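Chemist: First residue of the sequence shown? That's 1 in full-length UniProt numbering, and the numbers climb one at a time after it.
It is possible that some hints are incorrect.
[Stated by the list, open to error] Cβ pair distances, simulated, as ranges:
1. K296 x T50: 47 to 57 Å
2. T83 x K269: 42 to 52 Å
3. Y300 x L63: 46 to 56 Å
4. S260 x T50: 45 to 55 Å
5. K269 x N84: 46 to 56 Å
6. Y300 x F259: 18 to 28 Å
7. K296 x L63: 44 to 54 Å
8. S150 x K52: 51 to 61 Å
For the record, the hints were derived by calculation from the structure and aren't laboratory data. Quantities reported herein were computed from a predicted structural model and do not represent experimental measurements. Idealized CB from N, CA, C, for every residue including glycine.
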Amino acid sequence: MFHGRNDRHSLVNPLDDDISQEGSSSYYKCIQPRRGTLMKNTERIVRHITIKDTPDLEQVFILGNEIGEGSFGKVIVVTEKSTNTKWAMKMISKSLLVYLQREIQILKMVNHPHIVYLDKVYESSKKIYLILELCHGELWVLFKERKPFSETISKRITNDLASAVAYLHKNVHRDIKLENILLARNPKDPKDEYYIKLSDFGLSVIKTGTGIESMLHDCCGTILYMAPEMLSGSYSHQCDVWAIGVIMYLLLFGVYPFFSTHEKELARKILKDEVNYPASKVSADALNLMKQLLKKDPAYRITSSEMLESKWLAGGKAGINMMDMMKEWKDEIRVRYSNLFLLLVI
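Let the sequences and hints guide you as you build the complete structure.
Modeler: So this is what it looks like as structure tokens:
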């Protein structure tokens, strides 16, 4: 069973830090909402359990095997002794505190069926331990076995992903990629193999001000999913929409829209080349949505909320992209003035 992922771009190291038992005294507290950066009603109350010295976690949990490694920490499966509930425990060094604060703060805020759930936080003098919802697999692994997915399955996954991203954009900016999507148990259908959860918030950004909300200048994530403007060094939340387009393309066609084994060549393709859409592989509605998601100019790219209203996902009449309407109107005006000029010349 899995919560964390094995990053396919790096080897997963064995668990090299044994959890020692230097002390068992502990006191309990709840994390209080931070002032200024977040509204008080945006956070859940998450138990933050501080244990003096090194935490004796074996008093609370049965520690299991390593199951993955996220951006900033190893993950093992644990069983809570009092309830017999299985969780994923993400162990992170406090030397990465800047990233820890970001991930914990984001996980405290979110409560969505397609985003991994944070239950508790344990803290020692050297480490932070996140007790997270345990997922049973990785979408990337299932995709490699069954690619490409059918349009029905791809639609389902794309819709759930868009729903999670639209929700996240109220508070945070995501690094969206297939490797960060886990598979979990559907509470309404235990046989469902494609119930997804977004995970690994180590590279996410909380929207805390006008400058950060509109433009971010730190280049992070996997280049295969990067939007053109991200490669140019400045971007907004519309980069997430591009990444959803890459994932949708990947699910339906089994390949990336742009690929090269050399990063510079891959970046050039993303910046300069047009997307190739294999003929007659998918429905017209699916093709139209992909084209809306993979527009190089973010100003003409639809939002995640508009995506949920698209004809392919919602059925019926597709949502309206106002930037496209303005462009069409400007083009029409330009044509009319050109025709008028020709008439005057004649």
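Chemist: All hints, please: hold or fail.
Modeler: Do the hints match the structure? See the list:
Judged by the Cβ atoms, the range 47 to 57 Å given for K296 and T50 holds: they are separated by roughly 48 Å. The supplied range of 42 to 52 Å is met by T83 and K269, whose beta-carbon atoms lie about 50 Å from each other. Roughly 51 Å separates the CB atoms of Y300 and L63, a value that falls within the hinted 46 to 56 Å. Remark: the range hint 45 to 55 Å for S260 to T50 is upheld by a beta-carbon distance near 48 Å.
Evaluation of the 46 to 56 Å hint for K269 and N84 yields a pass: the beta carbon distance comes to about 51 Å. Judged by the Cβ atoms, the range 18 to 28 Å given for Y300 and F259 holds: they are separated by roughly 24 Å. Distance hint check for K296 and L63: the Cβ-Cβ separation is about 48 Å, which falls inside the suggested range of 44 to 54 Å. Between S150 and K52 the Cβ separation comes to about 54 Å, which falls inside the hinted range of 51 to 61 Å.
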